[in-house]
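Asks: These protein sequence lines map, in sequence, to chains S and D. In my numbering, each residue's number is its place in the first sequence (first place is 1) plus 665. In my numbering, each residue's number is its place in the second sequence (first place is 1) plus 168.
No lab work stands behind these hints: they were computed from the structure. Being a predicted model, the structure only gives us computed values, none of them experimental. Hints may contain errors.
For lysine-lysine, the following PhoX-like pairs were computed, each having C-alpha atoms within a straight-line distance of at most 25 Å [what the hints assert, rightly or not]:
1. LYS751(D) / LYS816(S)
2. LYS810(D) / LYS816(S)
3. LYS810(D) / LYS815(S)
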Amino acid sequence: MQTGIQKLSNLDAVIISQSNPDQNFYGESLDLTDSMLLIKPGFNKDEVYVAELIINLTLSGTYDSGQFYIGKIQNPWDIKTVTYNNRPQIEDIREISFGGGNTFSINATQEADGYGIIIWGGDITVSMISQILTVTPTTFILPSSVAAYKKVVISWRRFKTDYYVRRIILTRNDIEVLNTEDINSQYVDEAMDYDQTYVYKIYAVLS
Amino acid sequence: MATYTGKETLYEYMKEDIPDGNHTFVLEANGENVSIDAEVFNYYTNVTYTEQDSLGSDTADSRMLILRYHKNLIIEAGAVFRPKVRKRGMLVWVNGELINNGTMSMTARGASAPGQNVYLYKNIDETFEYVPAVGGLGGAAGGYNQNGYKGVDGVGRALGGGGGGGMYGTFTNRAARGGNATSYSGGSGGGGGAAGAGGGSYGTAGSDTGGAGGRGGSSGLYYQGHGGAGNPPGSDFNGPTDLGTNSGQPGTGGLLIIFTKKFINRGLIESRGSDSIGRKVVSNYYNHLGGGGASGGGSINIFYTEIIDNGTYNVSGGISYQSGGWSDYYLGGNGGNGTVTLTEIYNPFTIDGYLTKTTPWVTDSFIYAHLSVGHKENRQIFYKIFVNDTEVETSDYYTTPVDLQIPVNVDYFNLGNNRLVIRLIDENGIPDSLVFNITKENEDTFSFVREFNFKEGYITSENIEVIENYGIALKTPGTEFVTVDLPTIHKSKIESVSADCISDSASPLKKVRFLILRDNTYYTYNNGWQVVTRDVENGMTREQLEAITAEQWVELEPSWFLHTFAVVIALQSEETGVGLIKKITVNFQEPITVLCDVITLHAPDKGLRNVLINGEYQLKIMPGIAFDDAEVDYDFYTTPDKIRLRPLNLGHVIGGSYAQIHAIEVINGYDDSDFNVVLFASKNNVAAEERDGYGLLYDSMRDVTRTRIEFSLVPPPNFDPVYPLTFRLDRLSSRIFYVRIKPALTITGDDTFQIRLLGRVV
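Starting from the given sequences, assemble the full structure and let the hints guide the process.
Replies: As C-alpha cells, this is what we get:
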C-alpha cells in the first residue's frame with residue numbers, strides 16, 4: 666500500500682518587477698525586494714488533489730533571514746507575457762519566514778489549488794526552483810457536525826485521477842467499514858461514542 | 169529442454185510447435201505414461217537431402233531423433249537418410265510432401281535401450297497404433313550339431329528377434345539364444361558354440377534390450393564359437409580365449425516413424441538387422457565351428473494422408489552365413505524380420521471457418537464458431553461441445569456440406585484458461601475435433617495474450633489464414649492489416665506490449681509492423697507519439713513496439729478506459745503460407761492501493777457536538793433546549809437532546825420553610841429557532857396548581873401543607889416569585905432562572921419533582 670502518488674512535474678517560473686512594470690523577465694532572475702516570483706506548478710489543479718506541495722528555492726548566494734509573502738494566483742496567466750502591470754489577481758496572501766542560508770523551502774500546499782504561486786518581499790535572488798508534489802485521487806469532505814450517536818456523514822470529493830478507480834475502502838480506527846465499487850457512495854457513522862476520537866482513512870484501489 | 173505432457177500419441181505432439189532441443193514427450197495413453205526422450209530438429213524451409221548418415225547428434229542410444237520438416241523433404245537418389253549413430257527411433261514429420269528417391273534407413277541403428285510402448289497414432293475408433301515394448305523373441309540356440317534358430321518375426325508394428333547361436337558338438341550348452349526385440353531395436357544375435365569336451369568358454373544370449381550380441385563359447389583346441397550380431401557384436405572365442413569381434417556384425421534393426429501429408433516413395437525404405445558372418449579366426453587349425461546369430465529387423469511406420477508408392481521396403485533380419493565353406497560349421501539363426509506398416513490418416517471431414525473470439529469477456533453471452541463442414545461421402549453429421557473435457561451440448565444432425573454457426577455459452581468457461589473442443593461426428597460415428605484454447609477474461613485479467621492459432625472474427629481479410637501454432641499467414645503475396653482490440657475495460661495503464669513474430673527478411677520480402685489505434689487515429693512512437701496514416705512503412709518494428717515504456721504509453725493517453733484502443737498489425741510478405749506473427753501480449757499495470765486521505769474526528773461528550781466552522785471544529789451544544797449548571801458551562805442537568813444526566817439537588821430542606829434559592833441556566837441550542845418558553849413544575853406527571861405567583865404540587869391534602877414552587881428571573885436578594893415562568897429564549901442564547909421551594913409538611917425522606925419546559929417557536 667502506498668500513500669499518495671508521487672509525481673514528477675515540470676514547474677515553470679518567471680520574475681516580474683515593479684521597477685520595470687511592463688517587462689517580462691522569463692529566463693532571468695532578480696532580487697525579490699521589488700520583484701515578484703510567479704511559479705506555475707507542473708500539474709493541472711483540476712486533475713488532482715494536492716496533498717502536499719513543497720517549493721524549494723535555491724538562492725544565488727547565502728542570505729540573512731527575513732520575512733516574505735506568498736499568495737495564491739487567482740486567474741489564468743501566461744508565463745511568457747505576464748508583467749507587473751498585467752499581473753494576475755492574488756489572494757490569500759500570508760507571511761512566511763526565511764531562516765537564512767542559500768536554500769528556501771516553502772510549504773505551498775494551501776496555495777496549490779490556485780493558478781499559481783507568487784512570492785515576493787525580500788533581498789534574495791533565486792537561481793533554481795524545484796518542487797516536491799504529492800497528489801491524491803480524493804480527499805475527505807469534513808462532516809459539518811460530529812456528535813456521538815448521531816448521523817455523522819463521512820464523504821469524499823469526486824475522484825480526480827487518470828487511473829481507473831476500481832474500488833474504495835474506508836476504515837474507521839483501522840477497521841474496514843466500507844469496501845465498494847461505488848466511488849460516489851458515502852458512509853454514515855451513527856455509532857460514535859461519547860468523548861471518543863475516530864481516525865478515518867480512505868483508500869482507492871487504482872488500475 | 170522441456171517436458172511436454174497431456175497428449176496420447178507422438179502424432180498429436182507433432183502438431184504442436186516444438187522448438188529445437190532435447191525434450192521429453194509424455195505419452196498418456198492406455199492407462200500409462202510413457203516418457204520419450206528425444207532430440208528435436210526443425211527445418212522451416214524445403215529441404216533436399218543428398219548426404220549419407222548425417223542426421224542427428226553424435227549421442228547414441230539415449231534419445232529418439234525427431235526431424236520436423238515444416239515444408240517439403242526431398243531425398244535425392246544416392247542419399248542415405250540415416251542417423252549418424254544408433255537412436256531410440258527416428259521420427260520424420262513432414263508438413264508437406266516427403267519425396268524419397270534415395271534410401272531412408274534405420275538399418276543397424278537400433279538402440280541399446282529398454283523397450284517402451286511407443287504410441288504413434290490414435291485411430292478414429294479410439295484404438296492406438298503403437299510399437300510394443302517387446303517385439304519378436306530371440307531364436308533358440310542350436311542343439312547337437314545344429315544351426316541356431318531364426319529370431320521370431322515381428323507382428324503388427326513389432327521388431328524382429330535375434331537369431332540363436334549355432335552349435336557344433338555334443339556339449340550343447342556352449343551356444344545361446346538370441347535376444348528379444350524391443351521397440352527400439354531388433355533382437356541381438358546369440359553366441360555360437362563348439363565343444364568336444366568340458367572347460368573353455370560358454371556362449372551368452374543376445375541382449376534383450378538391444379545391447380550386445382552374445383559371445384561365442386568353445387571348449388578349446390579345434391573348437392571355435394562365434395559371436396552374435398548386436399550393439400556391440402559378441403566376440404568369437406576359442407576355449408577361454410577372446411578372439412575379438414570378427415563374425416558378428418554391429419547393429420540391429422531400428423524404429424522408423426514417418427508422419428507426412430503426402431508420401432511419394434520411389435526409393436528404398438529399410439531397417440534391416442545385421443548379419444553374422446562366420447569367419448575362422450587365426451588359422452585353419454580350428455575346424456569345428458558354431459556360428460553366432462544375426463540381429464533382428466526393425467519397424468517402419470508410415471502415416472500419410474496421400475500416397476504415391478513405387479518404392480521398396482526391407483525390414484529383414486540379418487543373415488547368418490560363413491565366409492569359408494567349412495564343413496563342420498553350424499550357422500547361427502537369422503534375425504527375425506521386422507515390420508512395415510503404412511497407415512492412412514483418415515479424415516472424411518473438411519472443415520473451414522473461424523471462432524469469433526478466443527478471449528471472451530466475462531459479461532459476454534456467447535462466442536460463435538462459424539464452420540463450413542464438408543464430408544467425403546456427404547454423410548450427415550452432428551457436433552458435441554466439450555468444455556474442459558465435460559460435454560455441455562449436443563446438436564441435431566445436419567446434412568453435409570453445411571455452414572454451421574455454433575454458439576458456445578460463455579458461462580461454460582471458467583475465468584482464465586479453458587479447453588473448448590467441438591467434436592464433429594458423422595453418422596458412422598467417425599469423429600474429427602477442433603480444439604481451441606479459450607481464455608475468459610475479466611477486470612482482474614492484467615495480461616492479455618492474443619495467440620493467433622485460429623481465425624477469429626477480427627481477422628476479416630480473405631487473404632489471411634491462421635495456421636495453428638504458426639500464426640497469421642498470407643494466402644497470396646501482399647500487405648494485410650489485422651486490428652487487435654485491447655480490452656481496456658476497468659484498466660487504465662499499459663505496462664508493456666510484446667510480440668512473437670518473424671524477423672524481417674529482404675528476400676523473399678517479409679515484414680511485420682505495428683501501429684496503435686486510439687479511437688480512429690493511428691499512432692506510432694518515435695521520440696514521442698506521432699499521428700500517422702495506416703501504412704506498413706509507418707509502422708513500428710517489434711523492437712520499437714517493445715521498447716515503449718509504461719510512461720510513454722501513458723503519454724499517449726493517461727485514461728485508457730475512456731477510449732477504444734487497438735494494436736494494428738501490418739503484415740507484408742512475398743511468401744505465402746508462412747506464419748508471420750504468432751502472438752501479441754499486452755500487460756496492464758496491476759492495481760495499486762493508495763491511501764488518499766486521513767481525518768481524525770472527535771465525538772464530544774453528551775449534549776455536545778463539534779461543528780465545522782471555517783474549516784475548523786468548534787465545540788457546540790446539540791440542537792435543543794438544555795438545563796445547565798448556572799455556573800459551569802455544559803454541566804447539564806438535561807442535555808439539549810433530552811438526556812437527563814443528573815437532578816438538581818436541593819439539599820436538605822425543612823417542611824414548611826423556604827429552601828435555598830437555586831440558579832439554573834436554560835440554553836437554546838438551536839441555531840435557527842427562537843422560543844417563547846414556559847416553565848412549570850410537576851410531580852408524578854401532574855402539573856402543579858397555579859396560584860398567584862407560585863404553584864402548588866399535589867403532595868398533601870391541605871394547601872398550607874402542599875409543596876410550593878416559585879420561579880424568578882431575578883436573582884436574590886430581589887427574587888421575584890412568579891408561576892409559571894415565561895420568557896423568550898432566542899436561538900443560541902441562554903437564560904438563568906431561579907427556583908425556590910417551600911416543601912410539604914407531610915413528607916420525610918427523599919422526594920423529587922420535575923421542572924418542565926414548554927417552548928413555542930416564535
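Asks: May I ask which of the numbered hints given earlier this structure violates, with the numbers listed in increasing order?
Replies: 1
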